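K.L.:
One-letter residues, chain by chain:
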Amino acid sequence: MNAKMYHAGPASGIYGASVALRLRGIDPNAFAGRLREISATIDPDLQLRNIATLDTVLRQEQGCCG
Amino acid sequence: MFLRRSPRSSGARPPLLARWILERALPDDVREDVSGDLEELFRRRSDDGPLRARLWYWRQAFAFTARFRSERIRERRRHMDMSTRLSWMDFRLAARILVRYPWLTIVGVIGMAVGITISAGSFAVLYTMLDPALPLDDGDRIVAVQNWDTAKNSAERRIVHDFLDWRGQLTSVQDLGAYRHLSRNLIASGAQPETVRVTEMSAAGFRVARVAPQLGRHLVEDDERAGTAPVLVIASEVWRNRFASDPGIIGRVVQLGETSYSIVGVMPDGFAFPVNDRFWIPLRLDVSLYERRKGPSISVFGRLAAGATYESAQAELTTVGLRSAQALASTHDKLRPKVMPYTYPFFDQNDASAIWMVHLMQFLITLLLVIVCVNVAILVYARTASRHGEIAVRTALGASRGRIVMQLFVEAFVLAAAAAVSSVGLTSFSLSLVNEAMRQNYAGGPFWWNFHLSPSLILYMFGLTVLAAAIVGVLPALQATGRRVQNGLKQVSAGGGSGMQFGRTWTALIVLQVAIAVALLPAAVFHTWDSLRHGLADPGGAAKEFLTAQLTMDRATAPAVTSAAYEREFASRYAARSGDLMRQLNSEPGVAGLTFASSVSGGEPTVWIEADGVASPGEPGSDSGWVAAGTRAGHQVRFNRVAPNFFETFEVPVVMGRRFSAADGESENPQHADATAGEGTVIVNQSFVRGVLGGSSALGRRVRYVGASNDVESGEVTLGRWYQIVGVVGDFPKRQPREVS
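Chains as they are written, first to last, in the working numbering: chain A, 213 to 278; chain B, 777 to 1517.
Same shape as in the complex, but just chain A (with noise of 0.2 Å):
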């Protein structure tokens, strides 16, 4: 099942959002330390989980290749 149907989130955010950034000449898994830390000096209960490229998180889900 490949149909899907997007909404428009809010400018503010969506709690348990799923943030992807784009990230060139860097390392995405080498700003992922840079990310936490940005985000701990912000508010030390903002909380990042599941930090990982897309590309693992694709594989993740179809299950392949590890």
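All the pointers check out, no bait thrown in.
Per the computed footprint, the stretches of chain B lying under chain A, defined by three or more beta-carbons under 8 Å from a beta-carbon of chain A, are:
1) 965-973
2) 1027-1039
3) 1320-1330
4) 1373-1380
5) 1432-1440
Hints in this document: simulated from the structure, not taken from any laboratory. Computed from a predicted structure; not experimentally measured. Note that the Cβ used here is the ideal one computed from N, Cα and C, for glycine as well.
Chain A is fixed; fit chain B onto it per the hints.
P.N.:
Structure of chain B alone, referenced to chain A:
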């Protein structure tokens, strides 16, 4: 040396019963002589006194019976020994047969190896998960205690009051404790912040586990008191990897969220009780804040007291539970506390008596091996049929049926043993893959879920090998040496017609297995190709350039009972903080784009929709999710809520219509009173146009939800509200998750 018959005859007759016993015991070839001689002597003795003669006859009958019976038993044993005794010659002959028929050997070994591996792998996984003995000191006496809701047929976990009641009343379960998991940001100087799973646990957990700390101390009851300084115990692995084995770790202060904790202990490697844990803080429960069946969800554990059994603990717990049910009927009428092996709830096994279902599951999986073996047995029978000359010769030389069956069993056993040896390697490899998959996809899985080759598994595999050999060897052997076949072999040896032939049963089995193989092959090829095709497909959108994460906020400072005002304040705080995060990330060098969505791309939840003017295919999948009562049938699609710049950031092309605007997003904002008023807007992908609309024009068409799966959070979609399609985008990601049937 039998007595000569005397012509003399009196009217006396031996006792009938004694004579019957005697004649039953005597062999056919001497029965008449011995019986006649004894009768003659009896008549002679009868002249001296009939009673004495009868007694004499009884003695003789017993003596002859005993003698011939024991001789017969000895003879039978001798024969059995000769006919079934094994020697190394049998095994050498069996090995030679395997070499002589290489294709049968290859097919048999591969088939049985796969069958044994599947059964053994399942045995290892199931019985490791359900092993009632945790790998801790006296681990089989560590128990879980649940309050079972008989109305919902599930465990009630909001049991802080019950936990304290049980702790005060139970004597058969000691060191009763509880735990729950939290997610906290670990912030320590000199290390990057990280979101970690923290276990709030009673100090009793460390006593139950009986593991001494590597450094410092573990939690104690005093730590659970409100007002005492917050303390933290960490795992040795954390001490090494996050704190570089800091020798001054004890007393070091770190932050978990907004709260500072002093590290008081380091637990040794391997300790991960109660589930798979690395950070432990004391569980502080102020029950005065909660009503019964309210408050945080907790899991309760304990250790059976000396002399107590599961039965005695359950009896005591039942008494306590019934008292609660009577005294607190409004909340506890349907609650029944249960005690069970600690491992069971982690496998949704909430009743020790229901363990038979696991045995049944294992039995059914083992049936696969039986099916494989029956197929191999057919091939072995075909081979045995081609050896009828050899069997005829051995029979002619005096080999009994048992001897030939034993030889054929040994041949099958050697074949099965070769399969078992291959299977040991295969099973070990498969279990390592399962362990790796568990680590990747279920990192928080219980610490005892570590699958490996154990002595019990090796023993089980040996049992499977014997079973396989029995099916592959004995069934064809019995068929090949049956009386009908034996008669045929005698004709062969006498120069007559052919020997063994396939009967109807065997022919039907062969036809059936070929039919099944032919029927399954296309499906197997298609499934394999489908998996490979998706696995090899380009995910699109330069997926390796994107870093994704789920953004949430800790509720550590939330009051015990939250109000609507608190929830509004929390949502507002989250919106402000996530906005700050987005702004700061956008200004970071190297960040070329930033967007968000309610679900990660490729893992969107399922919904059912109705499209205006398009016939719906069938009823919504009520078996895999909820649907609104009285709604019409719908199309199954996936759903996502995305930021206005989502398609732009992922470079997903807009095929028709337009992208979302900020106004579209605000009209969907649940904080707006008119969020669900009027028609909303949606964008669909090309697969939607093809699959749902049959390729017809999409722009301006209306759709509405008629049902949603359990993955969709409450309030995320509005059933019945019409949405107008304002745009069509390309499929993203191109590689899709496989369907789960």
